[in-house]
Amino acid sequence: MGPVTHELAAAPEADVRAISVYIVSLMPRSSEPTADQEQAAERSHPQGAVLFAGACATCHSPGASMMNEGRPDLTLGTPLHEANPRDTIQIILQGLRSPTGRSGPTMPAYAGAFTDAQIGEIAAYLRARYTRDAPWSGDLAREAGAARREGLS
Amino acid sequence: VSLALTLNGRPRTFDGEPSTPLLYALRNDFELNAAKFGCGLGQCGACTVLVDGRAVFSCVLPMAALAGRSVRTAEGLGAPDRPGPVQAAFEQEQAAQCGYCIPGMMMRAQALLERNNRPTETEVREALSPSLCRCGTHMRILRAVRRAALAMGGGVRDPAEPLGSIPTASERLP
Numbered sequence: 317m318g319p320v321t322h323e324l325a326a327a328p329e330a331d332v333r334a335i336s337v338y339i340v341s342l343m344p345r346s347s348e349p350t351a352d353q354e355q356a357a358e359r360s361h362p363q364g365a366v367l368f369a370g371a372c373a374t375c376h377s378p379g380a381s382m383m384n385e386g387r388p389d390l391t392l393g394t395p396l397h398e399a400n401p402r403d404t405i406q407i408i409l410q411g412l413r414s415p416t417g418r419s420g421p422t423m424p425a426y427a428g429a430f431t432d433a434q435i436g437e438i439a440a441y442l443r444a445r446y447t448r449d450a451p452w453s454g455d456l457a458r459e460a461g462a463a464r465r466e467g468l469s
Numbered sequence: 002v003s004l005a006l007t008l009n010g011r012p013r014t015f016d017g018e019p020s021t022p023l024l025y026a027l028r029n030d031f032e033l034n035a036a037k038f039g040c041g042l043g044q045c046g047a048c049t050v051l052v053d054g055r056a057v058f059s060c061v062l063p064m065a066a067l068a069g070r071s072v073r074t075a076e077g078l079g080a081p082d083r084p085g086p087v088q089a090a091f092e093q094e095q096a097a098q099c100g101y102c103i104p105g106m107m108m109r110a111q112a113l114l115e116r117n118n119r120p121t122e123t124e125v126r127e128a129l130s131p132s133l134c135r136c137g138t139h140m141r142i143l144r145a146v147r148r149a150a151l152a153m154g155g156g157v158r159d160p161a162e163p164l165g166s167i168p169t170a171s172e173r174l175p
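Protein chains in written order, with the numbering used here: chain A, 317 to 469; chain B, 2 to 175.
It is worth saying that the hints were derived from the structure and are not from the lab.
Yeah, the Cβ is synthetic: ideal placement off N, Cα and C, and Gly gets one too.
Among the hints, a few may not be true.
Just a sample of chain A residues kept apart from chain B, beta carbon distances all over 10 Å, derived [what the hints assert, rightly or not]: (1) 320; (2) 336; (3) 342; (4) 378; (5) 407; (6) 420; (7) 448; (8) 465; (9) 467.
Now the stretches of chain A that chain B is said to cover, found in silico as 3 or more residues with beta-carbon under 8 Å [as the list claims (entries may be wrong)]: (10) 357-369; (11) 429-440.
Listing some non-contacts, in silico: residues in chain B with all C-beta distances to chain A over 12 Å [as the list claims (entries may be wrong)]: (12) 9; (13) 28; (14) 29; (15) 30; (16) 32; (17) 33; (18) 81; (19) 122; (20) 136; (21) 141; (22) 151; (23) 159; (24) 165; (25) 166.
Using the sequences and the hints, build the whole thing.
Here's what the structure looks like:
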């Protein structure tokens with residue numbers, strides 16, 4: 317997806333607006349306001365909150381260096397709003413690498429750092445904190461285990 | 002909060018904030034100073050240690066994640082008078098210049114060679130790539146990993162250069 321958005325940066329503004337309107341029409345829920353529901357999420361997912369504080373907050377919390385550079389807040393993170401947690405879990409497991417020779421988002425991979433249960437806790441916490449969508453159904457630890465196997469080539 | 006973990010083969014207990022990064026607990030509570038603070042963002046690799054045998058960035062790993070797990074630092078690879086094979090190889094090849102990245106590099110080499118002591122050159126470079134070295138001793142670090150692989154009963158399959166003789170004192174970096 318990175319190369320697509322990079323190339324589209326050169327498209328005429330009218331085209332960018334037209335594409336945006338079309339995509340938003342496919343995502344009715346995306347117009348709902350979202351907010352950082354930190355305290356409610358901490359109450360419902362205390363373990364996820366602790367793991368987030370020690371692993372993710374250094375970049376993703378208000379006031380973190382990444383946020384001060386104008387990078388998007390996790391409320392705008394598309395994977396957190398998806399119907400299933402697979403993309404979120406894969407990003408936690410594998411991280412993000414910027415393209416070779418270009419600057420871009422970077423995130424460390426947590427596959428070796430967290431157990432399946434811990435990945436599940438973090439995913440549930442992120443969904444509760446940064447979206448107003450229903451919690452992901454199913455056993456997220458099991459999803460993390462499946463995603464881990466899929467991610468191994 | 003109190004949590005139990007295994008640290009360099011010994012049972013240890015951590016008392017403190019569960020969100021404390023492992024790196025801070027290692028350096029401040031357990032007084033193990035091999036792992037270094039570099040960027041604090043999981044991007045430079047100076048803080049790399051092993052958790053259950055896998056190389057991780059300890060600066061972005063909270064203690065809460067470590068209950069019942071096994072952590073290994075460069076102190077756990079050997080001691081000055083009886084260095085482990087990875088430590089001995091890094092010393093023999095004089096792989097350190099400033100040395101700040103070296104504990105992390107050694108832990109990545111250890112994780113790789115424990116899993117696979119006959120890696121390809123590409124596998125070695127991929128395993129080490131999350132650790133950054135700004136001095137530029139990469140070629141010496143790679144030589145050290147090739148030497149360590151041999152010492153651990155294997156060897157790099159397609160070494161980019163043959164294993165040379167161990168540098169003499171006069172050839173060593175100042």
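Checked hints:
With 10 Å as the threshold on Cβ separation, the claim that residue 320 (chain A) sits away from chain B holds: the shortest Cβ distance comes to roughly 25 Å. No beta-carbon of chain B is positioned within 10 Å of the beta-carbon of residue 336 (chain A); the least distance is around 31 Å. With a cut of 10 Å on Cβ distances, residue 342 (chain A) stays outside the contact zone with chain B, its closest approach being about 34 Å. With a minimum CB-CB distance of about 16 Å to chain B, residue 378 (chain A) clears the 10 Å threshold, and the non-interface call stands.
Under the 10 Å C-beta cut-off, the non-interface status given to residue 407 (chain A) relative to chain B holds; the minimum distance is some 14 Å. Look at residue 420 (chain A): its CB is around 13 Å from the nearest CB on chain B, clear of 10 Å, so calling it non-interface holds up. Separation of residue 448 (chain A) from chain B is adequate, the least Cβ-Cβ distance of about 26 Å exceeding the 10 Å criterion. For residue 465 (chain A), the non-interface assignment is confirmed: its Cβ lies about 16 Å from the closest Cβ of chain B, beyond the 10 Å cut-off.
Distance check on residue 467 (chain A): its Cβ is at least 14 Å (rounded) from any Cβ of chain B, clearing the 10 Å threshold; non-interface status holds. Residues of the stretch 357-369 of chain A with a Cβ under 8 Å from some Cβ of chain B number 4, which satisfies the need for three, so the listed coverage holds. For a cut-off of 8 Å, the count of residues in the stretch 429-440 of chain A with a CB near a CB of chain B stands at 4, and the three-residue condition holds. For residue 9 (chain B), the shortest C-beta to C-beta distance to chain A comes to about 18 Å, beyond the 12 Å cut-off, and the non-interface label holds.
With a least CB separation of 15 Å from chain A, residue 28 (chain B) remains clear of the 12 Å interface cut-off, as annotated. With a closest Cβ-Cβ approach of about 14 Å to chain A, residue 29 (chain B) is found to remain outside the 12 Å limit, as its non-interface label requires. Residue 30 (chain B), annotated as away from the interface, keeps every beta carbon of chain A farther than 12 Å; the closest lies near 14 Å. No Cβ of chain A comes within 12 Å of the Cβ of residue 32 (chain B); the nearest lies about 20 Å off, and the non-interface call holds.
Here residue 33 (chain B) stays apart from chain A, with its beta-carbon at least about 18 Å from theirs, past the 12 Å limit. A cut-off of 12 Å between C-beta atoms confirms that residue 81 (chain B) is not in contact with chain A; the least separation is 28 Å. For residue 122 (chain B), the condition that its CB be more than 12 Å from all CB atoms of chain A holds, with the nearest at approximately 19 Å. At the 12 Å boundary, the C-beta of residue 136 (chain B) stays outside the reach of chain A, the nearest C-beta of that chain being 22 Å off.
Every CB of chain A lies more than 12 Å from the CB of residue 141 (chain B), the least distance being 24 Å, so the non-interface label holds. No beta-carbon of chain A comes within 12 Å of the beta-carbon of residue 151 (chain B); the shortest separation is about 26 Å. The non-interface label for residue 159 (chain B) is consistent with chain A: the shortest C-beta to C-beta separation is roughly 20 Å, beyond 12 Å. For residue 165 (chain B), the non-interface assignment is confirmed: its Cβ lies about 31 Å from the closest Cβ of chain A, beyond the 12 Å cut-off.
The claim that residue 166 (chain B) is not at the interface with chain A holds, since no C-beta of that chain comes within 12 Å of its own (minimum 36 Å).
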